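Please build the complete structure, drawing on both the sequences and the hints.
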Amino acid sequence: MSATHVEPATHVDPVTRVEHTTPSSRIGVALAGALLVVLAAAPAWGGRQDLHLLAEFYGYVALASLWNLLAGYAGLVSVGQQAYVGLGAYVLFALTILAGVHPLLALPLAGVIGALVAVPVAGLIFRLRGHYFAIGTWVVAEVFRLLSSQISALGGGSGISLPIGIVTSVGSSRQAREFLIYWLALAILVAVLGAIFLLLRSRYGLALTAIRDNELAARSNGVDATRVKLVVYVVTAFGTAIVGALIFLQKLRVSPDTAFSVNDWTAFVIFITVIGGIGRLEGPLIGTIVFFALRETLAERGSLYLLMLGAVAIAVMLKAPKGIWGFFVARFGWQLLPLERRLTILQPRRSKGGSDHGNA
Amino acid sequence: MMEWLNIIIQGVLVGGLYAMFAAGLSLIFGVMRLVNIAHGDLIVLAAYLAVVVTEGLGINPLLSLVIVVPLMALIGYALQRGILNQTLGPDLLPPLLVTFGLSVIIQNGLLELFTADSRRLQAGPIEVASIHLGGGLAVGTLPLIQFAVAIAVIVALQFMFYRTALGRAFRATSDDQAVAQLVGLDNRHVFALAMAVSLAVVAIAGVFLAVRANFDPAIGPARLIFGFEAVIMGGLGSMWGTLVGGIILGVAQAIGAQIDPGWQLLAGHVAFLLVLAVRPQGLFPKVQG
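First to last, the sequence lines map onto chains A and B. Residue numbers are given in the working numbering: position 236 of the first sequence equals residue 595, and the series is strictly consecutive. Residue numbers are given in the working numbering: position 39 of the second sequence equals residue 69, and the series is strictly consecutive.
Mixed in with the good hints there might be a few duds.
Some chain A residues flagged as far from chain B (calculated, every beta-carbon gap over 10 Å) [claimed, not checked]: (1) 401; (2) 415; (3) 453; (4) 533; (5) 537; (6) 546; (7) 580; (8) 665; (9) 690.
Straight-line C-alpha distance at most 20 Å; calculated SDA-like pairs for lysine to any residue [stated by the list, open to error]: (10) 678(A) - 123(B); (11) 316(B) - 486(A); (12) 610(A) - 408(A); (13) 678(A) - 662(A); (14) 681(A) - 564(A); (15) 678(A) - 124(B); (16) 678(A) - 118(B); (17) 316(B) - 488(A); (18) 681(A) - 119(B); (19) 316(B) - 678(A); (20) 316(B) - 274(B); (21) 610(A) - 406(A).
Here are the simulated distance ranges between beta carbons [to be verified]: (22) 311(B) - 576(A): 20 to 28 Å; (23) 655(A) - 145(B): 22 to 30 Å; (24) 145(B) - 489(A): 31 to 39 Å; (25) 583(A) - 108(B): 41 to 49 Å; (26) 554(A) - 186(B): 50 to 58 Å; (27) 648(A) - 211(B): 42 to 50 Å; (28) 528(A) - 167(B): 53 to 61 Å; (29) 190(B) - 411(A): 55 to 63 Å; (30) 583(A) - 145(B): 50 to 58 Å; (31) 100(B) - 689(A): 40 to 48 Å; (32) 389(A) - 149(B): 53 to 61 Å; (33) 411(A) - 311(B): 46 to 54 Å.
Just so you know, these hints were derived from the structure itself, not from any lab. These figures come from a predicted structure and were not determined experimentally. No residue lacks a Cβ here, since even glycine has one placed at the ideal position from N, Cα and C.
Laid out in structure tokens, this is it:
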């Protein structure tokens, strides 16, 4: 013991708690719950067209949310997610037509196969750094498209329709089928959003947010960035393949060009996410609403519509990179879903420890 | 045997075109770490410009290079100064998404202006002329010219990069942007010049594409992918590497097409994925991407 004794410093050790919810997110969750009840009852109040449009809407929200997880949170900017939409669609058609699997069982199997395929694919394209990763994902999607057009049992390049026997196995009447597919689309969307929500609330979510904000800092704090990214890539492939399978179960026909369409499954999805707000769970939802509103008014303009959408996305990226939702968050501090982590100090407690401030 | 030799020669010659797709891509990645997703669509844009110039002035398509090349260089400079410079920074997302948006805009703009019908430029008797090498081997004069131009482009880029003041500026900003600015380089200007050079090469590639094959507004992304595969197979940052990458791709596609027409593109992608699996840094890597 040294002769000079230092008085232990008394210091305030606040008891803190990490909070997720804010007043606006409580309102958001309550609203989402009420909305879900209304949407689940849509077959009671909506016509055929409404159900069809809503199911398509759910599909885009799900795809955009998955792409947002991949690009906005994990920094894996893929322009080749149509690979998994198409893979899911083709697995559904192959399992039901060639192996006699029930379509409803084929949906989750499409996800599993999508995830299984994603592992070796990631092994290859994760070798490409940054920007080149994006084009690598596109090559993979092209390879899938070209391979699918070689499967003569599934109609080769011109595609195939789902045989009537399989269609009736989903539901005996057309109305029963449409209701079931509608509810499936809603259920899959809720499952996708729920899974992303839970993933972001877990320690993976914390790691992802850290990687998104500064990958180098995250790595130096012990985050295994490559592993986290691999997990996100495979999970996204799983979800995207299921959504793809459902979209084509609704369409009842698949072909290489529609299943692996870069415009339908990647360009639209990217524009939706960028316009709505990338890196925010609420972004894809807002973006899809804007996308459908624009489409309903401009759809017959065809290529001009895509051109305008591209221009809007570029303008948003340059002038408001966080999108529409990011603008509201910055302006009003809103959040619909309790995802943020806020440190709140509950009560200051005086302590006499000071062990780490003790003998200098 | 002779048949296969012929196929490989055709593949090599097409590889020259792919090397031109790749050289522009490689150049801007080297200077500013930008991957231009609209690269393929800009090639198609150049092809359509060549159509407009050729038909408007009634000149030989190869002569249209005199107008299309400076025009594309100008577009490149304006594009970089006006839009792309704003996207550069530590975040990878903005340049990717903005060039992806540009790609969609160019594609659909061309579709509005020129419809989806496929086009082709007629270059006159030179199209069918060929040189006989004896023993049943023959090479088309036009593919040979195109290959020679590809080599000339790569030699010129190499010379510019290592022997001129402009190349010194490119290399300086590539090595360290901050220091380059400290010694008096205006990065915005240097980047815009790099994009101008890149699109000048794109213009040459576009004109040859228009003469060699049918094209329509939708074929851009595939050209981007060919160029990209040539860059990665050749090794990042190496101009001669892009030529080797382009030739591997061209030969793989030619062999694939010979086995089954449906396998042409697939064989090229498979060759790329094999190189990526076995030698991810490419055959002649120069910079670590």
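The hints, checked one at a time:
no.: 1; hint: 401; verdict: 32 Å, holds
no.: 2; hint: 415; verdict: 20 Å, holds
no.: 3; hint: 453; verdict: 18 Å, holds
no.: 4; hint: 533; verdict: 34 Å, holds
no.: 5; hint: 537; verdict: 32 Å, holds
no.: 6; hint: 546; verdict: 31 Å, holds
no.: 7; hint: 580; verdict: 18 Å, holds
no.: 8; hint: 665; verdict: 5 Å, violated
no.: 9; hint: 690; verdict: 21 Å, holds
no.: 10; hint: 678(A) - 123(B); verdict: 14 Å, holds
no.: 11; hint: 316(B) - 486(A); verdict: 16 Å, holds
no.: 12; hint: 610(A) - 408(A); verdict: 14 Å, holds
no.: 13; hint: 678(A) - 662(A); verdict: 24 Å, violated
no.: 14; hint: 681(A) - 564(A); verdict: 19 Å, holds
no.: 15; hint: 678(A) - 124(B); verdict: 11 Å, holds
no.: 16; hint: 678(A) - 118(B); verdict: 14 Å, holds
no.: 17; hint: 316(B) - 488(A); verdict: 15 Å, holds
no.: 18; hint: 681(A) - 119(B); verdict: 16 Å, holds
no.: 19; hint: 316(B) - 678(A); verdict: 36 Å, violated
no.: 20; hint: 316(B) - 274(B); verdict: 14 Å, holds
no.: 21; hint: 610(A) - 406(A); verdict: 18 Å, holds
no.: 22; hint: 311(B) - 576(A): 20 to 28 Å; verdict: 27 Å, holds
no.: 23; hint: 655(A) - 145(B): 22 to 30 Å; verdict: 26 Å, holds
no.: 24; hint: 145(B) - 489(A): 31 to 39 Å; verdict: 37 Å, holds
no.: 25; hint: 583(A) - 108(B): 41 to 49 Å; verdict: 44 Å, holds
no.: 26; hint: 554(A) - 186(B): 50 to 58 Å; verdict: 53 Å, holds
no.: 27; hint: 648(A) - 211(B): 42 to 50 Å; verdict: 43 Å, holds
no.: 28; hint: 528(A) - 167(B): 53 to 61 Å; verdict: 59 Å, holds
no.: 29; hint: 190(B) - 411(A): 55 to 63 Å; verdict: 57 Å, holds
no.: 30; hint: 583(A) - 145(B): 50 to 58 Å; verdict: 51 Å, holds
no.: 31; hint: 100(B) - 689(A): 40 to 48 Å; verdict: 44 Å, holds
no.: 32; hint: 389(A) - 149(B): 53 to 61 Å; verdict: 58 Å, holds
no.: 33; hint: 411(A) - 311(B): 46 to 54 Å; verdict: 49 Å, holds
Comparing the model with each earlier hint shows violations of hints 8, 13 and 19; every other hint is respected.
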